[in-house]
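Line order of the protein sequences matches chains F and E.
Numbering-wise (the numbering used here), the first sequence opens with residue 1 and increments by one.
Numbering-wise (the numbering used here), the second sequence opens with residue 1 and increments by one.
Since no wrong hints were added, every one of them can be taken at face value.
Okay, derived cross-link-like pairs now, DSBU-like style, lysine-lysine, Cα gap no bigger than 35 Å in a straight line:
no.	chain 1	residue 1	chain 2	residue 2
1	F	423	E	93
2	E	93	F	344
3	E	271	F	448
4	F	349	F	329
5	F	449	F	423
6	E	40	F	215
7	E	271	F	423
Worth flagging that the hints you see were computed from the coordinates, not collected in a lab.
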Amino acid sequence: MNYPVWNVPYIGSGLVIGIVAIVHVLVSHFAIGGGLFLYLTEKKALREGREDWLKRLPGYSKFFLVLTGVVGAMTGVGIWFSIGLANPAGTSTLIHNFVFGWATEWVIFLVELSLAAAYYYTWGRLPSGVHVRLGLLYAVSSFLTLVIINGILTFKLTPSSAWLSVAGTGKEAEHFFEAFFNPTYWPSLALRTLVCISMGGVMSLVFFSRLDSEKEGEVKRGLIRWASLWLLPAFVFMPICFIWYLSMVPESQRELLSLGISTIGVGAFTQVTRLTLIAILTTATIVGVVYFLAFLYPRDFEFGHAIAVLLLAFLATAATEGAREMLRKPYIIFDYMYSNGTLKSAVGKCNEEGYMVHSPWKINEGMFESGNLRGSLVMELGRQMFLGQCVSCHTVDGYRSMRDFLYDRDETAIGNILAMMRKTGEGSPYSKFMPPLVGTDEEIDALKKYLVSLTSPSKGKGVMEVTSGERELQGIVKGN
Amino acid sequence: MGKLLSEEVKERKSGAVARIYQWVDERLGLSEVIELAKKKEVPEHRHSFWYYWGGITLFLFLVMCVTGVLLLVYYRPGDEAYESVRQITYDIKFGWLIRSTHSWAANLMIGAAFVHMFSAFFMRAYRKPREFTWWSGLVLLILAMVFGFSGYLLPMDELAYFATKVGLSIPAVIPVLGPWVADIIRGGPEITGFTVSRFFALHVVILPALFIPILIFHLILVQKHGMSVPDGEAKDVRTIPFFPNFAMRDLAIWLITLNVLALLAALFPWKLGAPADPLKPAPMDIHPEWYFMSSFQMLKIFGQLFPGAVGEFLGLAVFTLGLVLWFLIPFFDPKTEGGLRARATMYFGLFVLGVLVITTIWGYWALPSTK
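Using the sequences provided together with the hints, build the complete structure.
See below:
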C-alpha cells in the first residue's frame with residue numbers, strides 16, 4: 001500500500017480541505033491587503049500630521065501580527081496536511097513540478113513573518129521614516145507570496161498546452177514557466193489582488209469599529225471612512241477582471257457555469273452556478289453595507305455591523321473558492337489527472353487490464369488466484385473500487401451521500417448508471433463533471449454489488465469498517 | 001434650528017441630479033416625507049434588536065410578491081399544475097432559483113413573523129394605544145399561514161397532495177359544518193385539479209386582497225404610535241432618528257436577510273417530488289409544514305387521549321380557545337409594569353411559547369423513519 005485512503009465520515013475529505021482553505025484564504029488575503037493598509041495608513045498619518053491615527057496603529061499591527069502569524073500559518077500547514085491525505089497523486093504532481101516555486105515561497109514567507117514581527121515591535125523605537133519603509137518591505141514580501149502561489153493554483157485549471165504536451169514524460173520541469181505563467185495567471189492575480197485590498201479594508205473596519213463613537217468620534221470617523229475606501233477598487237474593477245478570468249478558462253469548463261442556470265434536476269451538476277450566484281450577491285452586499293453604513297455614517301458603524309460584513313466576506317470567499325475548485329471538474333489537474341487521482345491517459349489501460357492492477361494501493365495482491373477473482377472477495381473488491389474511485393468526492397452517508405443517490409434504485413438501475421459512467425464525452429451526461437468509471441467488467445460488477453449492499457434494508461457497513469473480506473485478504477497476503 | 005434636509009440635499013447634489021431631485025420634489029413632496037421621517041424617533045435600549053423583526057417580515061413579504069409574480073408567468077393551475085412546476089424547476093432559466101427563493105422566503109417570513117409577535121408580546125407592545133396594532137398583526141400572521149397552506153398544494157406533487165389531505169382533515173372534524181367546509185375548500189370529495197384551481201385563486205387573489213390592506217393598516221398604526229418602550233426601560237430612554245439612522249440599519253439588516261435567503265435558496269434548492277397519485281398509499285412520514293406541526297401534534301395527542309372524533313374536536317376546541325385568549329390579551333393586561341396581571345401574562349406567554357416549541361419538536365421526533 002503506497003498511500004493511505006483518507007475517508008472522513010459524513011463530511012468527506014474535500015470538505016475538510018474546503019473549510020481549512022476558506023479560513024486560510026480569508027486570513028492570507030488580509031495578510032497582504034492589511035500589510036498594504038498599515039504601510040499606506042502610517043504614511044498618510046505622518047504626512048497629514050494625524051497623531052490620533054498614529055496612536056491607534058500599533059494596536060492594529062498587533063491584531064494583524066497575531067491573526068496572520070497564528071491563524072494564517074496554522075491553516076497554511078493545515079492545507080498541506082489535508083491535500084496530501086485527500087489527493088496524494090495530485091499533490092505529488094504539484095510538488096514535482098513546482099518544488100523550486102514552493103521553496104522560494106517558503107523563503108519569502110519566512111521573510112514576511114519576520115518583517116511583520118519587526119514592524120510591530122519597532123513602533124516608537126525606529127525613526128518614523130525607517131518604520132514606514134519596514135512596512136513597505138513587509139507589504140512587498142507578502143504580495144510576493146501571492147505572486148508565487150497564484151501560479152501553482154491557476155496551473156491546476158489551465159496547465160498550459162506546453163506543459164500538457166510533455167505531461168507524464170518526466171520532462172515537465174522544462175516547461176516550468178509556461179505552467180507557472182499559465183493562461184489564467186494574470187486575471188487571477190488581478191482578482192486576488194483586489195480581494196486582498198478589500199480584505200485589508202474589511203478587517204480594518206472590524207478593528208476600528210470598536211472605537212468609542214462618543215469619546216473618539218472624530219478619529220473613528222476618519223479611520224472608518226478611510227477603511228471603507230479600500231473596497232472601492234474591488235467595486236470598480238472586479239467585474240472586469242472576472243470577465244477577463246472567465247475568458248481565459250477553457251470552454252469545456254466554462255460550460256459548467258451555465259449547467260445550473262436552467263435546472264436543478266437529479267444528476268445535473270449545478271454547484272458552480274449556485275456558488276457563483278452566492279459569490280456575486282454577497283460581494284455586492286458587502287459593498288452596499290460598507291457604503292451605506294460605514295462610509296455615510298462612520299460614527300454609527302458598530303462592531304456588530306463590522307462582524308456582519310466579515311461574515312459576508314467569509315461567505316463570499318467560501319462561495320468563490322468553492323466555485324473556482326469546482327470549475328475544474330472532473331479534473332484535479334485539467335486534461336491530465338481526474339479528481340480521484342486517475343490519469344486521463346490511463347483510462348484505456350485500466351479498462352483493459354483492471355483498475356486494481358494500476359491502483360497505487362496495490363490491494364489486488366491476493367485478490368486474484370490464477371487470474372480469477374476469489375469468489376468470497378467480490379464485495380471486498382467492490383469496496384476497494386469505491387474507496388479508490390469514489391470517496392475523493394462522495395461519502396456513504398453525509399456530504400454527497402452515496403446512499404442518498406442510490407436511494408430506491410435496484411441492481412439493474414445501479415448497473416445502468418455504472419455502465420453510463422464508464423463512457424466518456426457525449427456518451428455520458430456525467431462526463432462533464434465526473435471522472436469516467438474505470439475497470440474491467442468484473443471490477444465494475446463487484447462495485448455494483450457493493451453499491452447494492454448500501455441500499456439494502458440492513459444498509460451495509462460503513463466504508464472504513466474492517467470487513468470479513470478485508471480480513472480474509474490480509475490473511476492471504478500474509479500467507480496465513 | 002439647523003437647515004432642512006431638503007436644503008442640505010440640494011446643497012450636496014449638483015447639476016443634473018439636483019435638477020431631477022427638484023423636479024420630482026416639487027411634484028411629489030419628497031422633502032416633506034423625508035422631514036417627517038427625520039422627526040420620527042426610535043427608542044434605543046438593550047432590547048432594540050427585536051424592533052427589526054417587523055421590518056424583516058415585511059422585506060420577506062416583498063420578496064414573495066416579486067418572486068410570486070415571476071412564478072405566475074409560467075405556472076398553470078388545474079390539471080397542468082405539476083407539469084408547469086416541473087418546467088419551472090427543471091427547464092426554465094433560473095426558474096428553480098425563483099421558486100426556491102419564493103418557498104424559502106415564505107418559511108422565513110412566517111418564522112420572522114412569529115419572532116416579531118412574541119417580541120411584541122414580551123415587550124408589552126399590545127397595551128394602550130396599540131391594541132389594534134396587536135390584533136392586525138395577529139390577523140396578518142394567520143393569513144400568512146393560510147398563504148403557506150394554500151401555496152403548498154400548488155406544485156401538486158406527492159408530498160403536497162397528501163399533506164393537504166391531512167391538513168383538510170382538521171376542519172372536517174368540526175361537528176355539522178366541518179365536512180361541508182372541507183368539501184367547499186376541496187371543490188369536491190377528493191383533492192383534484194379543481195382543488196388546485198381554488199387554492200390558486202385563494203393564494204394569488206383572495207389572500208393578497210385581504211392581506212395588503214391589513215398590512216397597510218398595521219404599518220400606519222406603527223407610524224402613528226411609534227415603537228413601544230418595554231417595562232424596565234427608563235421612560236426617558238435615548239432615541240435615534242428613524243431617518244437616516246434607524247432606516248440605514250434596517251436596510252443593512254434587509255441586505256443580510258437577502259443574503260441568508262439567497263444562501264438557502266441556492267444551497268438547498270426546493271425540490272419537486274413525484275406527481276401526486278391518489279391511488280398510491282400516503283408516505284409514512286407525511287406531515288404538514290413546520291408552522292402547523294404544533295397543532296398537528298396537539299391533535300394527535302388529544303386523539304390518543306380521547307379516541308375518535310371527540311379527541312380531534314377537543315384538540316381543535318382547545319387550540320381555538322388558546323387563540324382567542326391570545327387575541328384578548330390587551331384587555332387582560334392593560335396596565336403598566338409590576339402588577340399581578342402583568343406577571344400572569346408573561347407566564348402565559350412563556351407557556352404558549354413552550355407548548356409551541358415542545359410540540360413542534362415532538363411532532364418531528366415522532367415521525368416514522370423512512371430510511
